[in-house]
Structures are given as C-alpha cells and as structure tokens.
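**Student:** Spelled out from the first residue to the last, the chains are:
Protein chains: 2
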Amino acid sequence: MTQKWVYHFGDGQADGEASMKNLLGGKGANLAEMSSLGLPVPSGFTVTTEVCTYYTQNDKAYPETLKEEVAQAVKAIETHMGAQFGDPDNPLLVSVRSGARVSMPGMMDTVLNLGLNDKTVEGLASQSKDERFAWDSYRRFIQMYADVVMGMSHHDFETILDDHKDRLGHENDTDVTATQWKEIVAEYKDLVEQDLRRPFPDDVQEQLWGAIGAVFGSWQIPRAVTYRRLNAIPEEWGTAVNIQAMVFGNMGEDCSTGVAFTRDPSTGENYFYGEYLVNAQGEDVVAGIRTPQSLTLKGREREGGDLPSMEENMPAVFAQLAEVRLKLENHYKEMQDIEFTVQQNKLYMLQTRTGKRTAAAALKIAVDMVNEGMISQDEALLRIDANALDQLLHPTLDPKSAREVLGKGLPASPGAASGQLVFTADEAETRAKNEEDVILARTETSPEDIHGMHAARGILTSRGGMTSHAAVVARGMGRACVAGAGGLQIDAQSKTLTAQGQILKEGDIVTIDGSTGEIMKGAVPTLPPQMSGEFEIIMSWADEARRMKVRTNAETPDDAQKAIEFGAEGVGLCRTEHMFFDPERIQKVREMIFAEDKAGRDEALAHLLPAQRSDFEQLFTIMQGLPVTVRLLDPPLHEFLPHDDKDVQNFAQNAGLDEALVKRRLSELSESNPMLGHRGCRLGLTYPEIYAMQARAILEAALVTQAHTEIMIPLIVSRKEFKILKDVIDQEAQKVFEEQGKSVEYLVGTMIEIPRAALMADDIAKEAQFFSFGTNDLTQTTLGMSRDDSGSFLPDYVSKGVFGIDPFVSLDQEGVGQLVEIAVERGSKTRPDLKLGICGEHGGDPASIDFCERVGLDYVSCSPFRVPIARLAAAQASIRHQKCVEKKTSKAA
Amino acid sequence: MTQKWVYHFGDGQADGEASMKNLLGGKGANLAEMSSLGLPVPSGFTVTTEVCTYYTQNDKAYPETLKEEVAQAVKAIETHMGAQFGDPDNPLLVSVRSGARVSMPGMMDTVLNLGLNDKTVEGLASQSKDERFAWDSYRRFIQMYADVVMGMSHHDFETILDDHKDRLGHENDTDVTATQWKEIVAEYKDLVEQDLRRPFPDDVQEQLWGAIGAVFGSWQIPRAVTYRRLNAIPEEWGTAVNIQAMVFGNMGEDCSTGVAFTRDPSTGENYFYGEYLVNAQGEDVVAGIRTPQSLTLKGREREGGDLPSMEENMPAVFAQLAEVRLKLENHYKEMQDIEFTVQQNKLYMLQTRTGKRTAAAALKIAVDMVNEGMISQDEALLRIDANALDQLLHPTLDPKSAREVLGKGLPASPGAASGQLVFTADEAETRAKNEEDVILARTETSPEDIHGMHAARGILTSRGGMTSHAAVVARGMGRACVAGAGGLQIDAQSKTLTAQGQILKEGDIVTIDGSTGEIMKGAVPTLPPQMSGEFEIIMSWADEARRMKVRTNAETPDDAQKAIEFGAEGVGLCRTEHMFFDPERIQKVREMIFAEDKAGRDEALAHLLPAQRSDFEQLFTIMQGLPVTVRLLDPPLHEFLPHDDKDVQNFAQNAGLDEALVKRRLSELSESNPMLGHRGCRLGLTYPEIYAMQARAILEAALVTQAHTEIMIPLIVSRKEFKILKDVIDQEAQKVFEEQGKSVEYLVGTMIEIPRAALMADDIAKEAQFFSFGTNDLTQTTLGMSRDDSGSFLPDYVSKGVFGIDPFVSLDQEGVGQLVEIAVERGSKTRPDLKLGICGEHGGDPASIDFCERVGLDYVSCSPFRVPIARLAAAQASIRHQKCVEKKTSKAA
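Each protein sequence line maps, in turn, to chains B and F.
Anchor point for the first sequence: position 461 equals 461 in this note's numbering, and the numbering is continuous, going up by one each time.
Anchor point for the second sequence: position 593 equals 593 in this note's numbering, and the numbering is continuous, going up by one each time.
Bound-form chain B, shown alone (with noise of 0.2 Å):
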C-alpha cells in the first residue's frame, strides 16, 4: 500500500481527525474535525508533516504520488466550490497556509487569494460584481506571494502603495478605486521583474506548488529554529500545508472576519471575548494593522470602543458564531482559539484551537469548568502548564505607591515590570546581557523581535490587539505586556516615546502593568505575588492527586520561609559551604585551608562551629520538624580563596602569614578541571575533620531543636569511600550524644551524581540510608559536558537536534535517565526502603518531574518559588503514571 500523502476535509466530512495532529498538524486536523462536527468549513485539503520531513531529507525534493494526490484533492474543491482553479470565467481561489504540530503563532507564512493571474481577476470581478474587491484582492495576493514565496521584501511594495495613495489623496485603502487598483497592480509586477528578472507567475500550479515549498522551507528559518529553540520544539516534528478555498471577510460592508476566545484569555472569565474587522481579511486583525472592533457588546463596554460589536453590528451571524462557540466547547472540553470570516452575511469558520491563556485563567479555566461539570480534577490538573504557575509569582504594583500614569493600553499579559526604554530588540537584548532591566516598546512587533521580547522585562505597543503578536508571545513566555496603546508614539529612529507632551528618551526608566494596560513613568513599588482562590483550590487538588513529596533546596531563613509559605514539605538541599561566605567567616575558612597540619586545621574549625550550629538552629526551627536533608562541603576549596592581589595582602596580614606563601598555595591548589578535581567528599577524605565539625553542628542544632536531619555526603563513587566517611559521622554523633547525655535519630546518605555511583548504587546502598539525585553534576559527567563552558556549543546542539531541549534545563532522559533508573534499581534491591529523591535543578522542571514519578522517586526538590510548579507537576505526572499510585498506600515517605 502506497503512502498517503494528503488529506481532505470540507462539505461535512473529512478523512483526518483531531486526534491526528502529528500527521496533519494542529490546523489541519481541527479543520477535518470541525468538518466532521457540521460546522461551515470551506474546502481543503492537508499535505502532511511527512512530506515536510521527506521535503527536508531529500534536498527539497517531494514523494513520487504527491503531484497526483495534491490534484485530486484539487479537483475534490473545485467540486464542492463549482469552481476552477485557474477558470478565467469562474476561478477557484485558495489560500496556503502552514500548521505544526503545535501552535507557533507568526512562525510560519500564509499566501490568501492564490490562483489569480491578469486572466481569473477578471472572472473573479465578474463573479463577485465588484471589480475593486477583485483587483485588491490581486495585489493583496501579488505581494504577500512576493514576500513569503520570492523573497522580497513587502515594504517596497507598501511604498509603491503610500505614493499612490499621497498623490491621489486617499487616506485609506478602501478609497483606492477598482482602476487605480489596475495601475498598482502593474507596478507591483514591474517591481518583481525588475528585482529578481523574471515575472510573477502567471500560471496557477506554479503558483500553488511555489507555496507549498515556500511553507515547507519556511520550517527552516531562523525565527522558526529560533521559537522551536525557546519552546523545545524537536525540528523532525515538521510542519503540514493546508489548502483551502478562499472565503472572503472583504467584500463589503456584509463581510468581517475576526478571532475569538470561547473564554477571556487573560483572566479565564467564561465570557465570549472576540475581535473583528469589519470589510476585511483576517490577517488584518492578527497583524494589527487595525485596531479592531469588540465581538460582543458586554466586551465593547468593558473596552470602552467607538465602534459598534458584532453582537449588535450583525445580530444574526453572531447567533450563529455564539452557537458555534458552545458546540466547540462543548466537543472540546476546553476554552478554544477560534477565527472566522463572515462572507456576505454568512459564516465560514478558518480554525480552532486549543487557546493560550495566561496562567491566572488557566487555573480559573480549570476549576470552573470542574464545577461546570464538564471535565474531573484529574482532567483539570492536566490541562494546567505546571511551568506557567511561574506567571502567577510575579510581583504586581503597589496600590499605595504614588504613580505618574503616561497612557493606557491593552492589559495583554499579566505582572508588572519596570525597567529601561529600549525601541529594538537587538538593544533589548545587548542591555539585558549587561544585568540590566528593560521594557521594549514597538510600534507593533513581528516574529523577528523574538529575541529582544525574550529578554525583556516587559513589552508595549502602540498598535495591535489582544490576540496581537506581541500580546501571544508575551503571554507564551510570562513576560509582562501592554499592547496597542494608541495614545503613545513610540519611534524607533529617533528612539523617542511620546505621551501626553512629554518626550521620554532611551534608557528612561519606564513600568507597565500588564493586568491594568497602565504605562507609568518610572519605577513604581510592586507587592509580592498573590495567590487566587483557584490557585489554592488547585494546589490541593495537586495535593490530593500526587505521590511524591515535594521539598526544596534552601540554606538562608527567607528561601527557606519562602519555600514553606509555597508548601514544601522539606529541605532536599542545604548547600553548607553558602553559610562559609559570610565576610566574618570566610577569614576562618581560608585560615582553615591554609593550615599546615590537623591540628591548624581544627582551631579554624572551632571557631566555625558555633556559626554553622546556629545557622541550623535558625534553619530546623524553621522547617518545624520536616525533614532537612543537609549536604556536606562541596566545592574544590580554592573556591573560598581570595582571589585579587588586595584580598590575598588583607587576608595574609589577618592570618600572619607571608604573602608569597599564601601565592604559592593559591597556585598549589588551583586545579585544570575543578568539576572534576578535589572537591565533595574527597575534601571528606583527605580533611576528615571538616565533616567532622559539619556532623557536630548539624547535630547539636538538631538535638536543640529536635529536627529530623539526613546528613548527605556529595560526590560519593563507592561504598568503601561512603562507609570511610559515614563512620567519621557516626563518630563524631556519638561524642556529641555522650557529652549531652541524650541522642536524636538522623540518616546518611549520599548524592548520586557521578555515573560511577549509579552504576555502584547496590553496592552503595549497603550503606547509605538516602540517594539524592543531583543530576546537575550527573548531567556534567554523563554526557562530559561543563555547564559553565557548554555556552560555546550547546546553542549549536539544541538547533541542530542532537538535543531536543538542553539538557541542563530538562533532564536527558535517554542518557541520563538510564543512570537514574539503574541506580534506583540497584538501590532498591539491596535496600527496599531506600529513600530517594532529586535536588538538581530538574527537580523543579515538569517533564524532568514526569521521569521521577515514572522512575518511582520518593520526592523531588527544587528552588523556593518552583514548588507551586513542581507539586502541579507531580500531581500530573501521578495522574498519567496511575499504577504508581498504589505505591503510594505501602511506601510512605
């Protein structure tokens, strides 16, 4: 049986589904489905992701049947539309569009109206009796063909556009007249011939299979690499190419096209909220060329609009599109993203899809329709983006702060942020490298200011809606945003923002609110994030559903406090050497280091033990008898070490030692590899008294203030190394207990880190109690890269696939899992009630969550304000992983 290439859809049936996604990307198959459902679909068809990736591997070349199958389906449209593609009298016109697997919003490029030549714009003017709309139609199509297809750029063609318009006066195009259409219409030609020597096709199939490529090799492109990049989108995924019959939101005053919200994206309100456009083509309303129209009334008056809503500008069609909203949602079960094009008075729906939220409405989104009935707790926990939580911690303004308010726009991202004035995204970016804070401001943004709005603390615009690029992209990545504030000019050239008469320059400090559409002039005063009833409603329910604990890696009291407050349920990391940078201590560490002898050595250490005891109090009191897991010294020792010539004098004088003798053991201890050189227990090894003092003071506090410590030992690779310095702990507890006369129970265990320690994890766990993945050095040694010096080639890993996502951000799961797996495996064997768990930074990362819960872990822990994330994702990894459940009942933690 021979591949099936290509996929119809139309007339109330179709051969795909929503389902296939994979195959026929998110458009494609919710095309086919809403087909399927009844609704009004224009006909199409979908050339699927596999010939993208066929397209990519075989230098541009397609499968054999393709050309046969794509003229089918052809023929199927021009059936069902009784029109033909490339018919002078009665054309058949369609429009290309890509779709991915997922959304990637302004990635991938769309051509409207093709199949017209100097030929069909007639046919096309007597069909539509309205030669002006055909001839529009026609340069429309001309330059949006000449920029996506043949690379041209569209600017030149908007001048050509501007000049006419100067010279004949108009102000909009909708004056430009059916015969000066005509004259533009042939300067536009004349320009391609003049640029790239040779016409604009005239011919149709040439047309459509230029666009067809130009969709495919859009796929490469560094603003898709880049967003594939930022979103960990593999590349083999691929994108599929739709082809549908135009419909036309354009031709007149009974025509509109826009796009919806089943639900309000930004605060997850059940309320239908829309934009249209009236008399135009929907990538005017996603452009933001035109600031649109509300959908319903209640939206107008909530927006404040001139114009009327669709609700009262076209009554009837509205009925219909409310209806249509409730039957998708319904179908779906979810809040749906939805366009549409009104052709003279009746309604063509272009799309649906699953609609980005912010993280407030998400969480809202979820429990009410819980409480609607329409999905269970599990389904809502699943539907959450556990990493989007992070939107929700973000600070807001303070309503008693004084503020000079400069404009108002749309409150298109939640959070408020301040920061530096920037007008490009390449100066966003280069200021940002610098450490500092800005807000970039566009006049409307576009794919190619990606990077500069990742780096930015904030965006604002002057031109665009909600569901404008800028306000999509913020949303995606969290960043605060303000769009289309009409009020403000914002130039780029002169890198000025006007508002209200006053000129503010680059590098003015500016801040926006993102839930008001505020901008203000300076830096206004925020309060800490607040946490919404639905938040709390779902984090039990996450509660409720999860079966590995959730702790947290903290040392100072605020993390700590900070890390209850989002409700940890434990310490898995306190990193002890953070307490020996104290400028009062730091003297006695160095003295510690440089000391000739043991006994050097232990009156450092002396004077160190009493501030590391109270850290611990503070720290224990604090987590009020959760279990603290406390990590002994780590880090290679000339970390500590003073490192300019002035640190090194003041130090050698406070010590009373020469200072060429403090250079030389500087020299002595600096190492090529310190990852990989004296450091974590091999200090333990050779300098036993140091994990000694650490032992005592962790106990004593823990004796004061009857805390449930496990004493963690770093960088273990055997038992023998692990029972060497276990015995130094248990020593070292036994004194202390026989001077107080009373004991407390404590664990030791040990970092699984070196991809020796997984492999040895059997022998190991003879004697370690607890195994903490600390899979940030794991990944270091698993795949022989440095964090630190991975910057000049990992980029160039992630873009060219051999990684799908970093794999410092979300676990190597391939690679570095196996040791994890090996190791809780060995582990398990020999010891069945080990204690396992992660403190690398994946343990606050869902998808590297997903693997622990899989792998069957007893906690995760991750930094303070990753909680909230990590026990929704856990709650979700258990949902999807249900027979782990059971583990839950017979292995407490």
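These are computed hints drawn from the structure, not numbers from a lab.
All values reported here derive from a predicted model rather than from experimental measurement.
Among the hints, erroneous ones may be present.
Quick list of in silico lysine-lysine cross-link-like pairs, DSS-like style, CA-CA up to 27 Å [what the hints assert, rightly or not]:
no., chain 1, residue 1, chain 2, residue 2
1, B, 720, F, 723
2, F, 433, B, 663
3, B, 189, B, 129
4, B, 60, F, 189
5, F, 189, F, 119
6, F, 723, B, 800
7, B, 800, B, 766
Got chain B sorted already, so can you dock chain F onto it with the hints?
**Tutor:** Frame of chain B; chain F shown alone:
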C-alpha cells in the same frame, strides 16, 4: 560449625596445602605442602589471614576461639619437638613470621628465638651444650623483639654491641664470649626498661601474643601500604602468621643457613643457584650484612668467591638439598626460591615459593620447561609476568664506547642506566620529580628506601648479595641494579662515593650496568635492547594463542616504525592534533582559530592541508596496508594558543591582528573545565570545515598509499551528532574521489569515551562502523575525576583501599568496566560486525587487556614499547578465557 582459625603443619602431615594461599598466605600454604611431601619442615602452625581481617576490622581484637586453638597448636609442636614452651629445662623456641597471599619481600616483620627469658636461656644452654650460643640467641631475640614488637630502634642495640666489641677488641660477633653476651643482654634489657618505662616481657605467652599482634599490625605500617600500592595488592587480603619451632643455623660450624633458587633467577639458566652462610641465622643472609658464599662449586667459580661452596664444605647435606631441589621443581613444575637451615648437619626446609626472576630468566625458564616436557606452551605463556617484559626493552651499553670503570659488584638486575649520583631515597625522589635521571647509591637498602628506588633509574649498593633487599626489589621494579660492590665506599653522611682513590659527589654522573655489575664514571652511550631467542619464541607462541589483535598508538614515523618492529598489527590511535604543534604549522592553526568566519578558517585550513596529507602519507607508507585509525581533532582549541605575552605579540604581528583583539579572544576561549568543554567532535560540529580538511588529508593520502583507514570521531554522545559529522566526512570523501576519479575504502567510527556514548551504544552503532574505547576520558567522566588534578587525593584513595589500584593505571573494571560491557553488548546487538578496540593507556596494561578479552574486543592498542607486553597479555587472556577463542575463527579482524 565454628570457623577454623589455626592450621597445623610438620611431622610429614598438614591441615593445609599449597592451593590455600588466600587463607594461609604463601609461606604457610607452602610449609604445609612441603610437610605433606615428606620434606623436613620444623613443626608449626599458621594463624589464617581471616584473623588479620578480623583484627583490623575489630579494633585489634581476636576471634573468641583463637586463644584456645593457638594453645592446642603449641601443644602439638611441643609433643613433636619434645620440648615445652617456657620450660626452664628444655624450652621450645619458636619463630613468628608473617606470610601474605603473595610474597612481599622485607615488607613484613619476623621474630626469631621467641620463648627465651632469663630462665629458659639456661635450659637452651644446657640442651645445646653451648652457653655462648644460648646467650647470643637471647640477645638476638631481645633486639629483634624490641624492634619489631615494641617499636624501638635496632640501631641503639647495635651501638651497645659495637661499644662492647670496641672495648674488647673483637672484630666479629663470633668473637664475643658467653659471659660478654650476658652483660650485653643485661644492658639490652636495661635499655628497653629505660626507653619504654616497662620491662622486657619475661612471660613467653605474652611474648607470643605480642609477636602475633605485631605481625598483624605491621600489615598497616606505611612501608607495607606503599609496597601494596606499588604492586596493586588489595588491603583486604591481610597476612597470615606462621609460628614454627626454631632450628638453628648458628649452633656451630656444622650449622649453616641459606637461600637458593632452583634455577638462576637472573638468566634462567638451569643450574642450582644459591648462597649460604656457615654458623648464621637466616636473617643474616637476607639482610646482606655478611657477604655469603656460593652454594655450588660452579657458582663459586663463576662469582670468584674465596670461601668454599656448600657443595665442597658440607657435601652430604648439599646432596640432600640438591635432591629437595629436584623434588620441589618436579612437584611445583616451577622455579622455586627456597630457604633452609642446617642444624648440626641436619637439613630443615623453612620456605619454598615461586622464585622471582628477571624477565629474561622468566622467558628462558618457561621455554626450557616446555622443552623439558614439564609444562605446556600455554602454561609457559601464563608463567611470564607480561609487565616484566618491559625490562627486556631497556637499553644496554654500547660495547664500542669508551668507559672508565670505577668498580664492580653483582649483576643484580639487568639493564644499563646513567644518572646523577644521590645518596638518599628522598633526594632520589626529589630529583626524579624534576625529570632528572638518578642513580641511588646506598651501603645497603631497606624497605624505607622503596620510594627512592622507584624514582631512580638504577640502584647501587656496596653490601649484600643477589638475594639482598636491593637486588630483589630492583628486579621486581625492572630497575638496573649493581649490588654488593664491596670495593666502593658509599658515605651517605658526607654524600660521597669513593672508588679507586676518586671521590664522586652528589650530582656527579655515573653509569651502572646491571647485567655485568660494572660501575662507570660519566654517561656511557647505550644501544637499543636486543631481543633474545626465547623472547622471539614466546612471542610466536603468544601470537598463536591470542585472539585479539594488538595495535599501537602512534603518529610519528619513529613511533610507528618502532611499533612495527615490536609486532604491532596496525595503528589504533593516530592523534592528528599532535601534527599541529609543529612550529611552522602552529601559526596557521592559530590563524584558523582567530578567523572571524568560515572563509578565514578555510584559508588557514588550506595551508594546513598539504602538511597533514604528507604526514599521513608517511605514516600509511610505514604501516604497509595495516589498518590505521585516525582520530580527528580532539583537544580544546585554546591548547594551541600562545600563552605568554611575547608569544601573543609575535602571533599577532605575524597574523596582522590587533594584540588587544588576540587577548580578548584568548580570554573568550579559556574554559573553567576544558576537559568537559568545547573540544572533540564539538569543534567539528561548530566548525565542520576543520573535520572536512582532515578527512580530505587522510583520504588523499590513502589514495596514494592504498592505506586501510578508519576515521575516528572523538567525544561522541549521540547518534545524531555522529551522523552530522559522518556526513561531513562522507561528503568530503565524495568530492575527493570525484576530483581524482578513483576511490578507496574507509570506515567511520567513534571513540566511546563519555558515559552517555556507552549508554546509547545501540543507537550510535546504527551509524558508526567501529567503536574504540577511550578509557582515559571514560575513566575521568565515569569517576568524575580529572587525571591532571587527582594527584591531590588519589593516593589517599588507593592507600585507604577505595581503589585497589590507580584507575588510570589499570581499568576500574567494576565501575568503568560496566560501561564498556554495556557498550559492547548494545553496539554488537545493533551491528554484529561492529569492530571493537581500546586505545586508552589501559590498552597496554595486562589486567585491563584480560578484561578486554573477557568482554570480546577485537583489538587493543598501546604505546609502541608496550606492544610485546600486550601481545603476551592478550595470549594469556585468551588462554584463561578459552571459550572466547572459538570467536577467533568466526570473526577475523
């Protein structure tokens, strides 16, 4: 059943046997075996090595039942000897000796004549009818016991003895009378009481248990620990203790003691080689204090001794000993090193063990024994310590060169060596660390000197025989040694060597010839080593027996040529970057690194291409069609860069670059952990043109020479990464073949040197045609230990038993080995004809080679000088793992 801690031997029977070395130690097992063979062994018993382990692990406590078992065993000796331990009238005296699983010459301590006190000495006097002998024995006992058990310096006792002798005008110990010995004994005992504030123990049970504890305790003394580290002996083996009835070689002129080898340990010649001393105790021979006499007439003739041989002096006992020699060799089918004592014309055997020998002797003995029909070829191969072949590969003196001979000693360990004269082990070590060649000169050596002997190129002593400490240890280490050069005055105090009226000082250059015994002034030119006939025979047998191929790591024509002479069957690792360091090329390499873009890099690479091509042509020509594995550029780029200011200035000037720019780029290229940084195939991924140039150079050279090339990509972690780079190579190959209108076969494979590569081997093998294990890097990453930085902690790891041996010297089989096994298994599953080799340093280490055989590699690759070692080790491994041999026919490399 309770564990048995004590094993009896003597009176023609024994509880143990030779195969029980692990439990009884070598000495104890062989005493049992000799006893069962009916040889005259003084009655005794062995306390097992398990007691040592118990003692070490239980804070110097003994198993409960040990006391009783020892008491029973002493009773058995008493019954057999007809004397009572501690009986004032007829006292039983015993020796207490250590005995580990393998011989550790001079490492462990011995106590003789135990059981003497002020009362039993009288019994010994009356029983032996020799009061002088009895008191001499007593003073020997006190001195030995005080030294070994009580921790005093034997030097203090010698001072007392020397004072007496001076005062009495005695030259030899034998001149001291019984009365005088009594006085000396009294002074000895006073000295003990003064020094230790407790009396010398009178109670014989206290003496016995003190000695047993001292033997077990001595397992942990630093010199034992050092020896174990140098000889890869695990700490957990422990030592046994042998308690045996005393026999006396110092009861008069009809007494003697000696050591012998059943064949000549230096040349392997089949003649009875040994030394003896009349009227002496065994320790006198080993310590080298008196220069001993030859055992045989032939020996006396060869060595020119003045005193009669045992064959002449005690013909009847000698005949009996000669019979024992044949009986032992026939029984063990191995050359034996024996110790004996003659008490009043009665022969007693005190020890037999496999005799240490030079590599040349090992070869000759093995070949001879095959010819004599004693052993098979395979057994012969297994007999030879592959590592020891190194000795045969050392240079000899050029016979034509002029030499100024300063003196002559015994040819104690073969090979010629020149170097600076030093007089202490510490100085030897210090100068060796500065890359200086040294010759260590000592009156006699002791275990405290081991580190200096290891550091020296050669060892020279003025006292002691062929079995002295210096001789035995030097042979074991493969160091040249001239021993017992009595004509030389070696004065460690004044740091001078006086010979024939000339005074040489520390730092003066001397040459020694360990094969002739000559000592020469200045550096005498040497000739490359000559292979003996036996060497060729053994190598040919090895080649017959082995399954694995042996290749070499080489890139220079000299190294390649040398390797071919040593029998290499290809190049397993040609490091292309070594070719970049040539002064003429480094400027271009640097220009390539500093190039702003691909065009700049291409230009610099175009200059490097002809140079690389010509290198490869030379190498391929030498290798005459044998396979050559060429590794593409591997180290981080900054290794090639100028380091000091002057270098930077010169480079910038020559390249026409701004110095500031060069400095900025230098700092950009520096890395915190270069081992884990931008190197290996990561360079190839970011700069494919470098790998393309190298592929071109290799293939253009291969076309000229018809070489069989294997192009190897380093540092691979995934299939995709490998595929991207393989495509670069294949595309360049296609270009080269098209340009030249002809082609040549080549393979593209990968190093497996990162844990992830081993784990993903099944996937990587889909693209890679061969795997070569880079176990240097694989050890670094799997253990998280940098070879460069591990000096500060690895010695502790070895001495504390975390590693049995430095994992960079011999493969960490239980850790790193797992990854090798995983990669072999998974890679071969994907690609059954996957070629498998090893090219890390471990490829020349016999234990690691054994591992390679076990996991089924096709070849090992090592440095040229280790090729013969690898050939033999591979054969030994094949023989040990016979079942793998079947693979040989089915899978030819």
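**Student:** Each hint: holds or not?
**Tutor:** Structure-based check of each hint:
no., hint, result
1, B/720 x F/723, "violated, 41 Å"
2, F/433 x B/663, "holds, 22 Å"
3, B/189 x B/129, "holds, 24 Å"
4, B/60 x F/189, "violated, 100 Å"
5, F/189 x F/119, "holds, 14 Å"
6, F/723 x B/800, "holds, 11 Å"
7, B/800 x B/766, "violated, 43 Å"
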